[in-house]
Every structure is written in structure tokens, then in C-alpha cells.
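Colleague: Sequence:
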Amino acid sequence: QVHLVESGGGLVQPGGSLRLSCAASGINYRLYTMKWYRQAPGKERELVATITSDGSTNYTDAVRGRFTVSRNNVRNTLFLQMNNLEPDDTAVYYCSTNASGRNFWGRGTQVTGSS
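Heads up, the sequence shown is in the working numbering, so the first residue is 674 and it goes up one at a time.
These are calculated hints, taken from the structure and not from any lab test.
A hint or two may mislead.
Unchecked claim - Restricting the straight-line Cα-Cα distance to at most 20 Å, the calculated cross-link-like pairs of lysine to aspartate or glutamate (EDC-like) are:
| no. | residue 1 | residue 2 |
| --- | --- | --- |
| 1 | Lys716 | Asp761 |
| 2 | Lys716 | Glu759 |
| 3 | Lys716 | Asp734 |
Taking the hints into account, I'd like the entire structure generated from these sequences.
Modeller: In C-alpha cells:
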């Protein structure tokens, strides 16, 4: 069974930084594309960043240049380094992967940007 657990969220002032982590188990992690999503209050869940098995990355325009996605294939961990945070970054952040045609999600970690 695929299991994803996010951590690292918190309250941060504008311009601050946070580093999110996602511990993965139940899959041969290094072979899978991993994604970070976020869902702000009253909004749909949106894709934030993607990292493929070979390390290629992609970002939504709103975070490009401020967020960096990375992975550690030894520790089966996904990261999201978030710099220069803005109040609009406030959301629950989820990691996700697709295995055997099914999307798996963690429970999320709350990031709150104070204004």
C-alpha cells in the first residue's frame, strides 16, 4: 500500500521560507514521478510542482523562481523548498503520485502566510 506523509508546514511571515517534506513508502520510489499540490480555502486543488524519476522539474507560474522541488531516492523523500513566501501561498500542501493507474495522496500539511 502506498503511503505518503507530509511535514514541515507552519506559519510564516511574507518573504519567509519553509521546507516541506514527504516521506513515501509502499512503492519503488525512485521510479515514480512525484508531485506537490496545494488547496487554498474555497479554491480547487492545484498542481504546484512536479519532479520526474530522472529529476526533471516543472512548476506552476505562480511559484516558479520561488519554490524548488527535489527528491532523495535513498531516503524515499520528496521536498519542496519555498522561499519568498506570500500570503497567497496559504494552503494545505499535498504530495501525490500515481501508481498502477491510481492517484495516491498524503493528508497534507498546512502552510499559512501571515499578512
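Colleague: Against this structure, judge whether each hint is valid.
Modeller: Results for each hint:
Of the supplied pair hints, the one linking lysine 716 and aspartate 761 holds, its CA atoms being roughly 12 Å apart against a limit of 20 Å. A hinted pair counts as satisfied when its Cα atoms are at most 20 Å apart, and lysine 716 with glutamate 759 qualifies at roughly 17 Å. With a C-alpha separation of about 17 Å, the suggested pair lysine 716 and aspartate 734 falls inside the 20 Å cut-off, and the hint holds.
In summary, this structure violates none of the numbered hints.
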